[in-house]
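Enquirer: Each protein sequence line maps, in turn, to chains F and E. Residues in the first sequence are numbered consecutively from 1, following this note's numbering. Residues in the second sequence are numbered consecutively from 1, following this note's numbering.
No false leads were slipped in.
Pairs of lysine-lysine, DSS-like flavour, derived with a Cα cap of 27 Å:
#, chain 1, residue 1, chain 2, residue 2
1, F, Lys744, E, Lys127
2, F, Lys181, F, Lys598
3, E, Lys127, F, Lys629
4, F, Lys177, F, Lys598
5, F, Lys178, F, Lys598
6, F, Lys744, F, Lys629
Across the chosen pairs, the derived CB separations fall in these ranges:
#, chain 1, residue 1, chain 2, residue 2, range
7, E, Ile109, F, Asn238, 54 to 60 Å
8, F, Thr124, E, Ile109, 49 to 55 Å
9, F, Ile4, E, Ile109, 49 to 55 Å
10, F, Val686, E, Ile109, 25 to 31 Å
11, E, Ile109, F, Pro606, 46 to 52 Å
12, F, Pro261, E, Ile109, 52 to 58 Å
13, F, Leu649, E, Ile109, 31 to 37 Å
14, E, Ile109, F, Arg618, 35 to 41 Å
15, E, Ile109, F, Leu305, 56 to 62 Å
16, F, Leu192, E, Ile109, 41 to 47 Å
17, F, Asp173, E, Ile109, 49 to 55 Å
18, E, Ile109, F, Gly616, 33 to 39 Å
Because the hints were derived from the structure by calculation, they are not lab data. Because the structure is a prediction, the values reported are computed rather than measured. In this text, a Cβ means the ideal position worked out from N, Cα and C, and glycines have one as well.
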Amino acid sequence: MVMIAVFAPVTLGLATLWLPREWIERRMAVAVAGPALAFVLLLSIAVGASDHLGAGKDAHHGDTATAFGSEHLTTGTLNWMPSLNINFAFLTDGLGLFFALLVSGVGVCIFLYARGYFGREGPTSADDLYRFYPTIGFFTTAMLGVVLADYTILTLLFWEMTSISSFLLIGWDRYDKKAVKLAMQAFFTTGLGGMGLFGGVLVFGNATGNIVEGGIWRWSQMLEHSEALQTALLNITNNPQLMWAFVLMFIGAGTKSAQFPFHYWLPGAMAAPTPVSAFLHSATMVKAGVFLVGRLFPVFAALPLFPQLIIPFGAATMLYGGVVALQQHDLKRIFAYTTVSQLGLLMAMYGLGAIDFEFVKDGKTLTAAAIDFDVTQIANHAFYKAPLFIAAGAIGHVLSRDITQLNGAFYKHKAICGTMMAAALGLAAVPGTISFQAKELFLYAVMHAAKVSPWLWIVMGMTIITAVCNVAICVRVWTTLLGLKGGMSEADAPEAHHDHHHEHPHEHGLLANLIWFPGAAIVSLQFLGGLFPGAFWGPIFGGFEQTAATGNYFYKGVPNLWYILTHAFESLPFWISMFCLVAGFFVGRSRLGRGAVKDFADHIYPVMYWLSVTGGGRCFRVVQTGNLKHYLLFVLGAMLLGFGWAVQLDISNGGGMLDAVSIEAARFFEYWPGILIGFIACLTAVLIPTTDSRIVRVVFLGATGFAVVALYLVYQAPDLALTQLMFEIISVILFVIVLRLLPKEKRGRDAGKLWRVPIAVAVGLAFGWMTLVAASNNRGNGAFADDGVTPLVEPSNPHAEPLGVTLAQHSYGLKTDEFGNTKLETAMSEGPDGVSERGGGGTNIVNVILVDFRGFDTLGEICVLGLAAMGVWSMLPHRRRKSDPKREVETDYPQDAIEPPLDDLGQGVTA
Amino acid sequence: MTMVLAICVAVTFAVSIYLMLGRELKGVAMGVFLLGHAANLSIIAMSGSPVQTDAQQQTAEHAGVHLTSVDSPEMKDPPILTNQYANEQPLAQMVDPLPQALILTAIVIGFGVMAFLLTLLVVTNRKARTIEVSDLAEEAREA
Numbered sequence: 001m002v003m004i005a006v007f008a009p010v011t012l013g014l015a016t017l018w019l020p021r022e023w024i025e026r027r028m029a030v031a032v033a034g035p036a037l038a039f040v041l042l043l044s045i046a047v048g049a050s051d052h053l054g055a056g057k058d059a060h061h062g063d064t065a066t067a068f069g070s071e072h073l074t075t076g077t078l079n080w081m082p083s084l085n086i087n088f089a090f091l092t093d094g095l096g097l098f099f100a101l102l103v104s105g106v107g108v109c110i111f112l113y114a115r116g117y118f119g120r121e122g123p124t125s126a127d128d129l130y131r132f133y134p135t136i137g138f139f140t141t142a143m144l145g146v147v148l149a150d151y152t153i154l155t156l157l158f159w160e161m162t163s164i165s166s167f168l169l170i171g172w173d174r175y176d177k178k179a180v181k182l183a184m185q186a187f188f189t190t191g192l193g194g195m196g197l198f199g200g201v202l203v204f205g206n207a208t209g210n211i212v213e214g215g216i217w218r219w220s221q222m223l224e225h226s227e228a229l230q231t232a233l234l235n236i237t238n239n240p241q242l243m244w245a246f247v248l249m250f251i252g253a254g255t256k257s258a259q260f261p262f263h264y265w266l267p268g269a270m271a272a273p274t275p276v277s278a279f280l281h282s283a284t285m286v287k288a289g290v291f292l293v294g295r296l297f298p299v300f301a302a303l304p305l306f307p308q309l310i311i312p313f314g315a316a317t318m319l320y321g322g323v324v325a326l327q328q329h330d331l332k333r334i335f336a337y338t339t340v341s342q343l344g345l346l347m348a349m350y351g352l353g354a355i356d357f358e359f360v361k362d363g364k365t366l367t368a369a370a371i372d373f374d375v376t377q378i379a380n381h382a383f384y385k386a387p388l389f390i391a392a393g394a395i396g397h398v399l400s401r402d403i404t405q406l407n408g409a410f411y412k413h414k415a416i417c418g419t420m421m422a423a424a425l426g427l428a429a430v431p432g433t434i435s436f437q438a439k440e441l442f443l444y445a446v447m448h449a450a451k452v453s454p455w456l457w458i459v460m461g462m463t464i465i466t467a468v469c470n471v472a473i474c475v476r477v478w479t480t481l482l483g484l485k486g487g488m489s490e491a492d493a494p495e496a497h498h499d500h501h502h503e504h505p506h507e508h509g510l511l512a513n514l515i516w517f518p519g520a521a522i523v524s525l526q527f528l529g530g531l532f533p534g535a536f537w538g539p540i541f542g543g544f545e546q547t548a549a550t551g552n553y554f555y556k557g558v559p560n561l562w563y564i565l566t567h568a569f570e571s572l573p574f575w576i577s578m579f580c581l582v583a584g585f586f587v588g589r590s591r592l593g594r595g596a597v598k599d600f601a602d603h604i605y606p607v608m609y610w611l612s613v614t615g616g617g618r619c620f621r622v623v624q625t626g627n628l629k630h631y632l633l634f635v636l637g638a639m640l641l642g643f644g645w646a647v648q649l650d651i652s653n654g655g656g657m658l659d660a661v662s663i664e665a666a667r668f669f670e671y672w673p674g675i676l677i678g679f680i681a682c683l684t685a686v687l688i689p690t691t692d693s694r695i696v697r698v699v700f701l702g703a704t705g706f707a708v709v710a711l712y713l714v715y716q717a718p719d720l721a722l723t724q725l726m727f728e729i730i731s732v733i734l735f736v737i738v739l740r741l742l743p744k745e746k747r748g749r750d751a752g753k754l755w756r757v758p759i760a761v762a763v764g765l766a767f768g769w770m771t772l773v774a775a776s777n778n779r780g781n782g783a784f785a786d787d788g789v790t791p792l793v794e795p796s797n798p799h800a801e802p803l804g805v806t807l808a809q810h811s812y813g814l815k816t817d818e819f820g821n822t823k824l825e826t827a828m829s830e831g832p833d834g835v836s837e838r839g840g841g842g843t844n845i846v847n848v849i850l851v852d853f854r855g856f857d858t859l860g861e862i863c864v865l866g867l868a869a870m871g872v873w874s875m876l877p878h879r880r881r882k883s884d885p886k887r888e889v890e891t892d893y894p895q896d897a898i899e900p901p902l903d904d905l906g907q908g909v910t911a
Numbered sequence: 001m002t003m004v005l006a007i008c009v010a011v012t013f014a015v016s017i018y019l020m021l022g023r024e025l026k027g028v029a030m031g032v033f034l035l036g037h038a039a040n041l042s043i044i045a046m047s048g049s050p051v052q053t054d055a056q057q058q059t060a061e062h063a064g065v066h067l068t069s070v071d072s073p074e075m076k077d078p079p080i081l082t083n084q085y086a087n088e089q090p091l092a093q094m095v096d097p098l099p100q101a102l103i104l105t106a107i108v109i110g111f112g113v114m115a116f117l118l119t120l121l122v123v124t125n126r127k128a129r130t131i132e133v134s135d136l137a138e139e140a141r142e143a
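Assemble the whole structure, with the sequences as input and the hints as a guide.
Expert: Below, the structure written as structure tokens:
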């Protein structure tokens, strides 16, 4: 069932491709069915699990173990690559299921919104929607896979799929070079993190071999053995591999979740259409890193490095994102930086969770992790950020996305601006939104953690500044949209730019409202949760909470708004929240940070790109000289080194290679015609370079070839001799023709010839020796042994016949008689006394091998010849056409070349 | 006989490398051509010496095989099944056919490669107006 849920979005998304382009409404209906189906299926799992396990639980008070903590619900396994530990299995625990519901639920809204965003009457609407639904369906499936996959490597596969779909969606406008560049930037950055995750997963699987046989390759296994793992993590000096596994996985999480200094890709990703920004780059995909840290949290929180690494990165990201967000003008960039900031907060939250603090309750000292309600934090962010983006995209359609252009926009577009303003309240964490409670909880977490390590008060300060910035942004959005005094106006933008303004025909009718309604639906959850946390929020989200699983919670249930307001006076976080609201209000009204600033991190990727391209080019120019001589020397040098190493090894192993030389040297004079022919071959070869005349050289070359033909005859290979003879003749003719076409050799530049001699001699000796050794060691074959009785080298399997013998026996067809002798079969019928086999049916064994046993090889050989002929034909000038004067210019010959008989050459080569 | 062959391989290899390191592409083409010979010779060495040892001859005579080959008596037979041997077992006196089959393929492909190479040579000369290795390298760096 989970499998269906995961793959429903992509399947239905692809199914929309079969619909005609004009069917926009029906296309939307089919596409929306994907995430909707996933949502329903996953919900049924969640409800079923809570009915089964959590009967009678009171989530509001959180007293009992909740639905998803006590048992890790894995689905059955569908084998894919069991040997590599990659199979399809899904883990539907609280965290994964929560994320999956978030993805599919927001997905439904975004699918609807896309219809409103791309419109109906626009020039490219139909095409855009045609492309959009399959792509976004692909992403939805990938994201569901990331959060639900049980096998670590399966998670990685889906993880990379989200990167790919993100790349496709950011570079949506294929003709916009800037968008494509930004898409590549996002892809490379998250892809780098993907490599980190891959490494982390592999190291983790390898390092845990002592805990589970074969290592841990499933998240459920990791959670099952969390105690053993925690013990190992506490003595990390004995298990340094586990620490590296964590660091590598954190690189993956950090790049995906846009942690400082890798955050630059996220604002860049705003080149994507707004539905994509709302879905991928605020609500879901960027949370994958947070999800991963949350997945690791129950186990890796024991690692001392966990808070030390995560908190600084998270806090720095939070502060930086908040401050930069305040100083942006483009709405999407504002919200992108607040997303960065919020992601930092979520990371820091998990980091803080790893710090245990002690508290006194009812006279007893208890220890608890300074974490609570991680799911609330994550859901809270999705529930105001997605609507913000939706509204930003909508307002960008009708007016502009530049906040300085939007003064008083509320009176023109009430629904859109209303949605945005409501969601901005969530950003500011105003009391009445769930965001307020979430901020409270985070402040509590910081405070508790700071009791353990006082330097964390710095984080508290950073949180306050970030919150002030967020409130200021909210104030500016409100005042601007309402056209109040102190709002942003064109006076704040030194150079007004309208480049984000898209002209879209304004739509009317019910479906036109899809441009803002999904946002309003999502943001309403903010207020429902904020106003009725006990009745609404707690029962729904309480069961998913991570801390509920481990039982370490310090705050029972999401705090009630009225409770906080009435009991607030003694609690520090409340006063901090209030201070942030007030200070934020004044900052928002002030002239502080009104100009748009550039993020210095935007330069990181271009600089890295430039460095690698130019560095690579420089490397290329050094290594690739273009001189054949250098390449050849490099290859030969490597070969000689390898040979020297082999000789060295051989000597240390008893010197079989040296023995081979002496054994064969003793048989030097066994056949004197052979010696004579060998001498001729050597002599003619050596004579080739001694002469300057190229014709004489070719003659010597041919003579060597004929000597080789004779050697083949000595070796009882008549087929080879015939073939070589024929090709030798053609080759010599060809050489003579070609030499006529080439310029004459320039004399007097033969200096520096001598250095070639030692290299050539060394290589020749090496090859000769290798031949000798190979030929004399290959005698593990009964029939072809030197003495015919005992092989020089005992074959590893004495009953195995060498391939040559087998091929010879089967080349005609043979029969075993009653004495065990193998005879050639003359008739097809089976003899009375033995086994009869049908062979290749030829008496020339070499021919049978070529056309029968290695028939496909020979076919390939024919293809090679054909290709060579085609290559020759294509390189030679074609028959000139009189109507093509350009070609004649190209085929002009250099003056010093002899005018060639071109057609003859072409025929000669291809014949 | 293997020793003789090994010496031939060594010499042809050395000469071909010497030619390939030369100043002009013409020499390189000749070197490649010679290299093909050397490689083929080293492959055929794998079939062992074609000369029968005394022990082999004795075994053959013991098995009742009459050595009526066209070659001199002490040589092995080519890998061709003749009618004459239809009722005998000829395999012990035969050279290994496998290296020969491999070389046959190699010869043909080697020829194709050489034809291609020579055409490249002509075309290079026509375009670059030189076949000197160092000139071509300079041209490549400038491009």
